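Need the complex rebuilt from these two chains, each delivered in its own frame; the hints are there to steer you.
Protein chains in written order, with this note's numbering: chain F, 74 to 344; chain G, 2 to 231.
Misleading hints may appear alongside valid ones.
Stated by the list, open to error - In silico negatives: residues of chain F with every beta carbon more than 12 Å from chain G:
hint, residue
1, Val129
2, Phe131
3, Gln138
4, Arg183
5, Ser225
6, Arg227
7, Ser234
8, Thr276
9, Glu324
To be verified - Per the computed footprint, the stretches of chain G lying under chain F, defined by three or more beta-carbons under 8 Å from a beta-carbon of chain F, are:
hint, region
10, 128 to 134
11, 145 to 157
What the hints assert, rightly or not - Residues of chain F clear of chain G, computed beta-carbon distances all greater than 12 Å:
hint, residue
12, Arg103
13, Leu116
14, Leu143
15, Asn155
16, Arg165
17, Thr184
18, Ala195
19, Glu210
20, Ser220
21, Ile229
22, Gln286
23, Leu289
What the hints contain is simulated information worked out from the structure, not anything from laboratory work.
Remember, predicted model here, so these are calculated numbers, not experimental data.
Don't be surprised by glycine CBs; every beta carbon is placed ideally from N, CA and C.
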Amino acid sequence: MAKVLVVTSGKGGVGKTTSTAALGAALAQRGEKVVVVDFDVGLRNLDLILGAERRVVFDLINVVQGVAKLSQALIRDKRLENLWLLPASQTRDKDALTDEGVRSIIADLRTKFDWILCDSPAGIERGATLAMRYADEAVIVTNPEVSSVRDSDRIIGMLDSKTVKAESGERVEKHVLITRYDSGRAARGEMLSIEDILEILATPLLGIIPESQDVLRASNVGSPVTLNNAASAPARAYIDAARRLMGETVEMMVPTERKGLMDRLLGRRAA
Amino acid sequence: MNAIAQPTRQLVRMRGRSYVAFVFAPVVPIVGWLEEIDATLARSPGFFAGKPVVLDLSAVDLSETAIMHLVASLEQRNVRVLGIEGVDPVRLTASMPPLLTGGRSCVLMQNELKKPETKPKPTSLLLENPVRSGQSIVFTEGDVTVLGSVGSGAEIVAGGSIHIYGTLRGRAMAGVNGNSAARIYCQKIEAELLAIDGYYQTAEEIDVALRNRPAQAWLEGDVMRIAPLS
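Just chain G, same shape as in the assembly (with noise of 0.2 Å):
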């Protein structure tokens, strides 16, 4: 049996894909084109850290030397380049990046240049005219302020408090996303209904006593309370 082990053949897979990368396209006189580059990794350092830079250098005509000089003056600011284009293949040596043919440009995504605009959301509302019947406020983020009345027939519904500074002739829901501790302050109750993450008393279960004066309602476990603020 003369076994004579067959080498499997490995089959090599080639497989493409492509990256963005910075084009730097220096122009004359580099000295001025590298303070360029300096003043932008003052403002941003890391900027081109982890990615791909490729030499354009069809707008200079550089020889050897100075192609040389360039790529290891980028090289001294932590800019290492990838390859170039635009220029004759004679003028780079083996040392020097590649020569690259065929780049599309394309848009950049310039992660470093758009601020994130993390501008915190409003956590609260503010209506400085009366909410008038039949208007309806949904301000589900947080807290609700009224300067006016709010009048039979409208409604303010908010996730977090509400707080009337007028008379509040219509509904008042608060707390409306499961917060329990939401609470609604007017300065004159005349409510049609007052409701707090789902549990609701109507005009008719609200304390006459309690009528025409500046109150609160809170909850109490699932017991709604209603108390003039003093």
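The following block holds chain F by itself, in its conformation from the complex (with noise of 0.2 Å):
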């Protein structure tokens, strides 16, 4: 049974796109069948995570208006032949996108692929709607701050009232991600702590990302960080989020990072 799964958040700048690339390469090398959309119409990233920007021919909204075949717009990672992508457009804006249009193309892909991965835009507008509009599952990333908490707390709101399912009286299953978790300054107290964010979120944790430097070297190689070393503290959390997103049971953990001397002599830099 195909799921549907939107990465959602509120708030920008949390680790959407991030976390959807390394979530769906997990995913994939796994051996399910992955497609990640990019449903951030006009401001579209995911290609640029995934390497895929120069293959970009045909879009979202192209599929949705119906100049373009669903098999024409996927693109096919290069490095995993189980992930896929289908890739907003840069020119139009989310008013292209229409709920029938969005209905019809996720009903599509249900019947080619085991996971589709819904890259939602910021906000709770038209983009972040439709997104999740389908959706039977949903990963909300969070970073340890007031403000992206209280924007997630907002998203599962909607989440419980205006998806598809939520309006026909069962649940989307929800998870929290939490993204640029750095341990040390959470025992500091300058950030807050995972107990507060569930607390507050009152949803179970899916994983805890740690704030890494691989992350961004990964994005500007354009290889999702779980492809790009899979060894890395942040690669090693996202696997195991995919894993319990499959079903199984993996120990929560915060991965560190192995940290060498002029890291720890350095370790105490202001972010």
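The structure is reproduced here in structure tokens:
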């Protein structure tokens, strides 16, 4: 049974696109057939993170408007044969998305893939609501800070009221993914603790992704962090999260970076 | 002067008025049909009281005496027959109700059958899930109880009191219809704003010592009091 999973947050810049790419690649590495769909029409990024930006011909809007067939717009990853991308249009805006168009594309993708990961744009407007509209599950990406947590709370409320599942009396299964977590700063009380976040959001935890230079490095070379350096702390955390999505029980831990002497000496650099 | 008092001519004014009558259409055997009437009367005595009743005899072929007997039987049950229709006029005597024609059928408002649906409106609202940021719960009919938390940026508006078994991080407005006896209770107070009957306090004015503790708020005159719940 295909699963439609929306990666959302409300707030921008918390790591939705990075997480979509990393989770998508991790699921594909485990043999699942995955498509990642960029809903950020007008501000697309997922193609860059996946290193597919030079191969985009048709996009989501072309398919919605019937200009191109779905098979023409899907881009297969060069490293993982199970991973596909449906890019967003950069020249249009979110008004080009229609409920009916999204419904038919999602229904089509359901017949072809095991996982459909929808990378939601920030905000609570049309793009974000259509990205979550047909979701079965949701990953709410949250940074350990109050503004991000409050926006996530708002998004959870929308997942419980504005999705097709919610409207038909069912529930969208929700998971919180905490990204950019710095255990040192959390210990010093400069960040919200995991317990605080989960207490506020009252939603199960999918994983904790540590703040890491590896994430930026992977983005810059156009590779999901789980592919670029699978041994890195964030990659391990994403792989664990993907396994939990697949129903495995994986012990929750905060992956720490193996720090060298220089890191330890300079570890207190103000961020 | 021969003043002859001319009697002033009184104009007789005729007015038309229509009434809705119950139409009884007896079927044979008449005895069985009368039992049905008895059963109806047993269920709700006074069902036909004060209502005009017309006998429609088109479905049966009754003799003059039979009609007289039927009318009498109904009279025994306190059902007075206003008129009879669907019968040959020769079978009716002067002592019987008059023949009626030209009746039109209409929908009867069976007030007695329609059980008065005075299901009392619920005076409290129970929310089993957390109230999320951006959600606004408005219930002016009474109390609101939240089993979870009320997120920052969420608001609860209640005509009565507000009970929150989780953490109150958003706004709570109780007694909005002018109920100054309404109170706000929560398991943990981190509220952005508390209001009762229009009197409010913002987070800044709430004593820091109360934060993160079970608390209640109420009105004393026009002063809002907040105290820990022990």
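Cross-check of the supplied hints:
no.: 1; hint: Val129; verdict: 35 Å, holds
no.: 2; hint: Phe131; verdict: 36 Å, holds
no.: 3; hint: Gln138; verdict: 32 Å, holds
no.: 4; hint: Arg183; verdict: 28 Å, holds
no.: 5; hint: Ser225; verdict: 8 Å, violated
no.: 6; hint: Arg227; verdict: 4 Å, violated
no.: 7; hint: Ser234; verdict: 8 Å, violated
no.: 8; hint: Thr276; verdict: 9 Å, violated
no.: 9; hint: Glu324; verdict: 27 Å, holds
no.: 10; hint: 128 to 134; verdict: holds (count 5)
no.: 11; hint: 145 to 157; verdict: holds (count 6)
no.: 12; hint: Arg103; verdict: 32 Å, holds
no.: 13; hint: Leu116; verdict: 23 Å, holds
no.: 14; hint: Leu143; verdict: 34 Å, holds
no.: 15; hint: Asn155; verdict: 35 Å, holds
no.: 16; hint: Arg165; verdict: 27 Å, holds
no.: 17; hint: Thr184; verdict: 33 Å, holds
no.: 18; hint: Ala195; verdict: 15 Å, holds
no.: 19; hint: Glu210; verdict: 18 Å, holds
no.: 20; hint: Ser220; verdict: 10 Å, violated
no.: 21; hint: Ile229; verdict: 5 Å, violated
no.: 22; hint: Gln286; verdict: 32 Å, holds
no.: 23; hint: Leu289; verdict: 29 Å, holds
Checked against the numbered hints given earlier, this structure breaks hints 5, 6, 7, 8, 20 and 21; the rest are met.
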